[in-house]
Structure formats: C-alpha cells, structure tokens
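Residue numbers (the working numbering), protein chains in the order written: chain A, 1 to 125; chain B, 1001 to 1125; chain C, 2001 to 2125; chain D, 3001 to 3125.
No lab work stands behind these hints: they were computed from the structure.
Wrong hints could be hidden among the right ones.
Between beta-carbon pairs, the in silico distance windows are [stated by the list, open to error]:
| # | chain 1 | residue 1 | chain 2 | residue 2 | range |
| --- | --- | --- | --- | --- | --- |
| 1 | C | Gln2089 | B | Leu1120 | 46 to 54 Å |
| 2 | B | Ile1042 | A | Lys123 | 46 to 54 Å |
| 3 | C | Lys2118 | D | Lys3033 | 41 to 49 Å |
| 4 | C | Lys2081 | D | Lys3033 | 26 to 34 Å |
| 5 | A | Thr18 | B | Ile1091 | 24 to 32 Å |
| 6 | B | Ala1010 | A | Gln106 | 54 to 62 Å |
| 7 | B | Ser1035 | C | Lys2118 | 53 to 61 Å |
| 8 | B | Gly1026 | C | Glu2039 | 42 to 50 Å |
| 9 | C | Lys2081 | D | Lys3081 | 19 to 27 Å |
| 10 | B | Ser1036 | A | Ile91 | 21 to 29 Å |
| 11 | C | Lys2033 | D | Lys3118 | 23 to 31 Å |
A virtual CB, placed ideally from N, CA and C, is assigned to each residue, including glycine.
Protein chains: 4
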Amino acid sequence: MSGGFKKQQAIYEQIADTICERILQGTLEEDGKISSIRETAITMEVNPNTVQRAYEWLQQQEIIYTKRGRGYFVNSGAMEKVKQTKKEQLINEVLPDFFKSLQLLQITPEEVLTKYQKFLKGKTS
Amino acid sequence: MSGGFKKQQAIYEQIADTICERILQGTLEEDGKISSIRETAITMEVNPNTVQRAYEWLQQQEIIYTKRGRGYFVNSGAMEKVKQTKKEQLINEVLPDFFKSLQLLQITPEEVLTKYQKFLKGKTS
Amino acid sequence: MSGGFKKQQAIYEQIADTICERILQGTLEEDGKISSIRETAITMEVNPNTVQRAYEWLQQQEIIYTKRGRGYFVNSGAMEKVKQTKKEQLINEVLPDFFKSLQLLQITPEEVLTKYQKFLKGKTS
Amino acid sequence: MSGGFKKQQAIYEQIADTICERILQGTLEEDGKISSIRETAITMEVNPNTVQRAYEWLQQQEIIYTKRGRGYFVNSGAMEKVKQTKKEQLINEVLPDFFKSLQLLQITPEEVLTKYQKFLKGKTS
DNA sequence: GTGGTCTAGACCACC
DNA sequence: GTGGTCTAGACCACA
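Based on the provided sequences and hints, a complete structural model is requested.
Spelled out as structure tokens, the structure:
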C-alpha cells in the first residue's frame, strides 16, 4: 500500500536549504563561522546526526568548509555558487511546473508581471 | 525532536489534486463518471477509505457529485470552479515564494518571460 | 427483502445533533471548549473516528472550530447559525408531516394551541 | 461499543403503521379485506413472517380481525380506534418534542398557524 | 494530552 | 457492482 506519492523532503535537505537561504540573504557572510552542529541541532530541534549530514552535504557542494576543532565556515564564493545552483534548480524544476500552471489556469504573463511590481513596491514601502 | 519542517501533503489531498488536474486538462469531462472508489484505491495503491475521503472533499467543494450505487460524476461548472480555486491558490501561496526567489537570485522578470516564450514554442512545435 | 423503509440516522449525525442541541440550550457556550474526541468517544460508547467525523462535519458548517493540540471550540455566532439551520429543517421536513397528521386525525389547530399554552405553563410553574 | 442511540423502528411496526394510515385515509374501508400476508410480503419486499407479526399486532389492538381461510379484514370502528390511538401518540410523544423545538428555536405559534393555513390551501388548490 | 491522517476490514442500502 | 458508514488500532505533529 501507499503508492507513488510525493514524499516529504528529507530533513537534512531542509536544513541545508535554510543555510543556503541565509547565505543568499547575506545573513551568513563569506568566511564567517556558522553555528555549530550541536547549536543548530538544538535550535532546529533536530538530531545532531541530521545536522552533521546537512553540513557534510554542503561541504561536498563546496559551499562551506571545516577547520578541525574550530567549526564550519562559509566558503568564499559560496554566495555565487549557491546562487548558480539555486538558479539552475529554479529554471529546471520550478519554472516548468509554474509555466504549466499558468497555461492550465490561463493566466497571462502580464498579469504575473503586474503582481510582481506590486510585490516589489510592498517590500520597498 | 524534528522541528518546524514542512509536512507531507495529506494523501487524500494529493488524490483530490490529481482529480482537479484531470478536470483542468479536460481528461475528465463534466457530467462524466470518474473511476470508482475501489478502482482508484487499487490503481493508486491506497486504502479505499482514503479515496473516499478525497471524493467527499471534492463533493463538498461542489466539484463532483454522487449517485448512490452508480458512482461519482464531475459537476457541471467544475472546470471553472477548479480554475478559480487553483488560481487564487497560486496567487496567494505560490507567487510570493516565487517572487522571493527571483529577488534573492537576482533573476529579472524579462529573463523569465523569455523562458516562458521558449516554453510555449516547445509545446507548439 | 426489506423494502423501502426508513434508514437509521447515521451515528455521526446524531452526535452532531446532540452538540447542536447543547449549543441551543446554552449548555455549550460560544468560544467554550467541547469535550475532546476521545472523551466523547468513551462517554458515548462510540469509536473515536465516528466522533471525529461528527466534529469535522460541524466544523465545515462553521459551528465549531479547532485549535491543533488544544481541542474543539464553539464558534462565535454558532447559536444563531444552528438556530437558523434547525428552523429551516423543522419548517421544511417536520412541519409537513405534522400538518398531514393533524389533518388525518382531524385535530384542530386550536386544540394544539391550547396544549401549547398548557405546555408553557407547565414549564413556568 | 455503539451507545444509547435511536434504533431503527422495527419493520413490522412500520408495516402496521402503513395499514393504519390507509385506514385513516379511507383507502381501506371497514369490514373490507386487506391484502393477504403473502401479497403484502411481496409488495413490500419483506419476509412473510414479518407481515404476519404486523397483522397479529393489529389484531391484538382490535384494528383488524381474521376469518380462517379467508384472510384479514378491517374491524368496524377501526378508523375511530386508530384515530384515538394515533391522537394519543401524537399528543403524548410528538407534541412535547415539537413544542420543545418551537421554544428552543423561538418560533411563535402564530408563525406555525400561518404555515398551516398555507398548507391547507396548497392541498385544496 | 490534543487533533489529523491512514490502514484494514466489515456491514449496509441502493441499482 | 456502487457508495455510505462504522470499528479497531496505528502513527504523526503540535503544545
């Protein structure tokens, strides 16, 4: 039983995503230290092993690096790297679905553009 | 343990969504019969009760209706109803996230528009 | 076998009705908590799922609302809502049968009125 | 499990009720023959034993009588008898509930009277 | 503790 | 065959 349904995104991926977002936002600066595995585990109410896995993954992606005994740090160039990765992901995975929806729901790009300009104003004001 | 992370969408909601998509695509015509609870349960490898719940929800939304002993049928006007609902959902829930990403990744609307035109051509050709 | 006879009202509907009556009587106050699914299941000697279904139905009717992990609560305006619904039901379903009986049994409205005034006195005294 | 909920009225009682209604309506005349147990069983899609039980009960109430080998017949005075019985039942069982509802729903007797006059007109026209 | 969801399997009424 | 209801018991997320 329980057929071909969308599974929940793995928790370690969600943690990695959170880190990436903070790098993009500038909350985490390049070469800056990120919170320890133990800290993050407590803050996010998650098992330290899960955080460990997230950090490992980020390290493999060359987004962060580790100094033994000192902790994890944001790689120089991480922001650009993340931006590229996320951009590709958005273009290859998100956009097609998004476009498909626009088409099915008969929403014009103009309509969306208007919304976007309103969105930008809302953020500025 | 396991903090404030995204929950998996309920299976019965995913089933309901599938039906809605098929209505939008025209795969399910108005006043046409949709597959029985038991059939769907088997093809989707899910418990009949779960399908029942999905159909019940769709019925409450006035998207489908039931004839006892005969089955479930697509309501007339269902397509318009679904289109409206999904449109609102996209505008209120999907777009803000999408716009936030565009901003973070510094992608211009023009870039997206170009992709969309390519997408449309790809479908046409 | 067993022809076109009256079906038993579904248990979950009877539970919902009980809740509605208590709201009308003022036993359940607006914004007040109602007994939990499990509690009700035990006191009414019914499966929790059946109570769940009753509560879900009441929620869809906007008579009660839920706070996750805290319980179900009576909606503000529930009493008025219930009163309206029950009034319509009485007028459309109960009255015609009642009138038909009066006619068949040749009971005059005056006779009933007298009984009603006695009934009111009985309650007052 | 399954607590103190209203049970379905016994089928034999529903059959007896049907007979009574027909007597009241004049469909079944006094001293007239009523359809045989076997006939009724087929028409009502019910087991003959159930019909037998209904007829027995009506006989005990002195509403019908039996002539061996000929069938069941409506008793003279049956209409008056039924009328009395039903009247008492309506006054003792139905009216109190009905009055309770009127009170809870704050419906005035005048309102009901108006409805009744409309009901009578609807039947006459 | 709460509600929310799911599974497994049962019985009923309708067609 | 269909849908409609109910039971029994399980697991999850939230507080």
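Which of the numbered hints above does this structure break?
The structure breaks hints 4, 6, 9, 10, 11; every other hint is satisfied.
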